[in-house]
Amino acid sequence: MLIDWFTVIAQIINFLVLVYLLKRFLYGPIIMAMDERAKKIALSLEGARKKKDEANLEAKDYRRKNREIDEHREEMFSQIKEEADVRRKNLINEARNQVDAGRTKWYEAIRKEKESFLQDLRRRAGKHTCAISRRVLKDMANVDLEDHIIHIFIERLLSLNKDEIEALKKSIHQLPQKIRVRSAFEIPKKMAGKVIEVLRNQANGHVDVQFEVSPDIICGIELKFPGSKISWNMDDYLKTLEESFLAALENKAEKS
Amino acid sequence: MHITPDSLIIFQWGNVSLNATIFFTWCVMVLMVVGSWLITRKLSTETHLSRWQNLIEVLVTGMRDEIRDISGQDPGRYLSFVGTLFLFIAVSNLLGIIPGYVPPTGSFSTTAALALCVFVAIPIYGVSQKGLSYFKQYIEPSMFMLPFNIIGEISRTFAMAVRLFGNIMSGTIIAAILLSIAPLIFPVLMQVLGLLIGLIQAYIFAILAMVYIAAATRVQRPKEKAERQSEKGDLLNG
Numbered sequence: 001m002l003i004d005w006f007t008v009i010a011q012i013i014n015f016l017v018l019v020y021l022l023k024r025f026l027y028g029p030i031i032m033a034m035d036e037r038a039k040k041i042a043l044s045l046e047g048a049r050k051k052k053d054e055a056n057l058e059a060k061d062y063r064r065k066n067r068e069i070d071e072h073r074e075e076m077f078s079q080i081k082e083e084a085d086v087r088r089k090n091l092i093n094e095a096r097n098q099v100d101a102g103r104t105k106w107y108e109a110i111r112k113e114k115e116s117f118l119q120d121l122r123r124r125a126g127k128h129t130c131a132i133s134r135r136v137l138k139d140m141a142n143v144d145l146e147d148h149i150i151h152i153f154i155e156r157l158l159s160l161n162k163d164e165i166e167a168l169k170k171s172i173h174q175l176p177q178k179i180r181v182r183s184a185f186e187i188p189k190k191m192a193g194k195v196i197e198v199l200r201n202q203a204n205g206h207v208d209v210q211f212e213v214s215p216d217i218i219c220g221i222e223l224k225f226p227g228s229k230i231s232w233n234m235d236d237y238l239k240t241l242e243e244s245f246l247a248a249l250e251n252k253a254e255k256s
Numbered sequence: 001m002h003i004t005p006d007s008l009i010i011f012q013w014g015n016v017s018l019n020a021t022i023f024f025t026w027c028v029m030v031l032m033v034v035g036s037w038l039i040t041r042k043l044s045t046e047t048h049l050s051r052w053q054n055l056i057e058v059l060v061t062g063m064r065d066e067i068r069d070i071s072g073q074d075p076g077r078y079l080s081f082v083g084t085l086f087l088f089i090a091v092s093n094l095l096g097i098i099p100g101y102v103p104p105t106g107s108f109s110t111t112a113a114l115a116l117c118v119f120v121a122i123p124i125y126g127v128s129q130k131g132l133s134y135f136k137q138y139i140e141p142s143m144f145m146l147p148f149n150i151i152g153e154i155s156r157t158f159a160m161a162v163r164l165f166g167n168i169m170s171g172t173i174i175a176a177i178l179l180s181i182a183p184l185i186f187p188v189l190m191q192v193l194g195l196l197i198g199l200i201q202a203y204i205f206a207i208l209a210m211v212y213i214a215a216a217t218r219v220q221r222p223k224e225k226a227e228r229q230s231e232k233g234d235l236l237n238g
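Chain order of the listed sequences is E and L. Using the numbering used here, the first residue of the first sequence is number 1, and each one after it goes up by one. Using the numbering used here, the first residue of the second sequence is number 1, and each one after it goes up by one.
Everything labelled a hint here was simulated from the structure, so no lab data went into it. Think of the CB as a built atom: it goes at the ideal place given N, C-alpha and C, for glycine as much as any other residue. What you were told as hints is all true, and nothing was included just to trick you.
Computed spacing ranges between beta-carbons, pair by pair:
hint, chain 1, residue 1, chain 2, residue 2, range
1, L, Gln129, E, Glu58, 51 to 61 angstroms
2, E, Glu58, L, Gly35, 49 to 59 angstroms
3, E, Glu68, L, Leu49, 45 to 55 angstroms
4, E, Val17, L, Arg41, 18 to 28 angstroms
5, E, Trp5, L, Ile151, 16 to 26 angstroms
Straight-line alpha carbon distances no greater than 35 angstroms define the calculated DSBU-like cross-link-like pairs of lysine-lysine that follow:
hint, chain 1, residue 1, chain 2, residue 2
6, E, Lys170, E, Lys194
7, E, Lys23, L, Lys130
8, E, Lys127, E, Lys138
9, E, Lys40, L, Lys42
10, E, Lys127, E, Lys229
11, L, Lys42, E, Lys23
12, L, Lys42, E, Lys39
13, E, Lys255, E, Lys114
14, E, Lys239, E, Lys229
15, E, Lys239, E, Lys169
16, E, Lys50, L, Lys42
17, L, Lys42, E, Lys51
18, E, Lys112, E, Lys89
19, E, Lys127, E, Lys105
20, E, Lys178, E, Lys138
21, L, Lys136, E, Lys23
22, L, Lys130, E, Lys39
23, E, Lys51, E, Lys39
24, E, Lys162, E, Lys178
25, E, Lys239, E, Lys114
26, E, Lys162, E, Lys224
27, E, Lys239, E, Lys112
28, E, Lys40, E, Lys60
29, E, Lys252, E, Lys239
Work out the full structure: start from the sequences and follow the hints.
Written as structure tokens, this is what we have:
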């Protein structure tokens with residue numbers, strides 16, 4: 001007999017047990033793992049798709065921007081060029097102003113230096129001229145320079161014209177203070193007395209005179225009152241010297 | 001020489017005897033269950049797989065696809081039954097290459113048991129899918145066809161059992177005969193052929209079972225799919 005019913009029943013049971021065991025240990029876990037993997041792959045694909053979409057959007061955005069830049073390039077270039085020109089002009093003007101300011105300052109400094117130099121020159125020249133004149137007069141005519149200056153001043157006082165005398169009188173009577181006679185040197189009392197006497201004669205009255213030594217006056221003497229001035233000094237001569245010296249200096253500077 | 005391993009007694013305890021069919025069936029079962037447990041205890045859900053997991057996934061995916069193709073339905077509820085039929089028969093047959101092993105599928109009792117399982121499973125799946133209206137198909141197109149339909153059911157079940165038994169038993173017998181006649185080289189070729197036949201028979205048995213179940217659970221299918229499946233069934237029935 002080919003068929004054994006006990007074996008058939010046993011095999012049916014064996015098969016059913018095997019179905020259960022394989023479902024428990026094979027199909028269930030494997031299908032679960034495959035489903036899980038499929039889910040993960042789907043998720044990662046979804047993520048990749050989203051990223052691709054984002055990348056596409058960004059690429060589109062960049063392309064649009066590039067197109068806009070291409071379209072506006074000429075306009076931007078001209079605008080930039082214009083701005084650069086304005087900036088350049090501003091910078092040049094600024095530099096020019098700075099140079100001008102520096103030059104003005106420099107000229108001012110030179111002018112001041114020149115003035116200072118000329119003033120010093122005038123003072124020195126006056127001193128030396130005075131000293132030389134004093135010696136020459138002493139040696140040649142045995143005359144004192146200061147006395148001679150005072151004599152010249154007295155002669156000038158004596159040669160005043162009518163208007164000047166009126167002005168002198170007016171100032172003597174109206175001014176509350178004394179009349180000041182300023183000189184570069186100390187006037188001896190004898191000579192001072194002569195000056196006072198001449199002034200009294202010219203003014204026909206009492207005159208209070210105050211003598212002052214002023215270093216501003218170069219080798220000379222002066223009397224100032226409103227509307228007129230009576231003086232003798234070397235200032236005029238020195239001015240001529242100064243002008244001549246200045247002209248020579250500028251001429252030299254131009255040549256160099 | 002034993003025609004069937006049922007008559008080959010492995011153990012005997014008094015009146016209780018254990019024949020080779022049941023013994024080797026247990027061996028196959030232990031091998032399959034332990035192997036499955038070993039492979040599936042460390043399953044990876046990442047894209048990097050072990051070789052064994054890969055093999056099992058290929059097998060399971062292949063079976064699922066085949067069931068889906070035949071039934072046109074979700075393969076989940078049929079996989080355990082049909083897949084186990086295929087794997088059990090295939091492993092039983094492939095182990096035939098081991099000397100001393102007797103495939104349990106070479107026993108008519110085993111093939112009859114498997115065919116009976118299919119015979120019972122068909123109405124169970126049919127009823128679970130279509131309810132009691134499943135039984136209407138036995139009286140279609142008329143009441144007179146009921147005996148013929150029942151005979152058809154029984155005969156195809158019997159045919160399944162005999163086909164598998166005949167193929168495997170004949171392979172084993174031929175190998176034994178050839179070993180005695182021409183012990184060199186030729187039996188090896190026959191063994192290789194036997195492996196191929198064993199695998200094909202496992203496929204045929206499982207596919208036929210699935211076709212019968214699909215026919216029982218078929219509700220409304222596209223025309224071409226139904227035609228394709230009946231063609232496939234006819235082809236396998238030979």
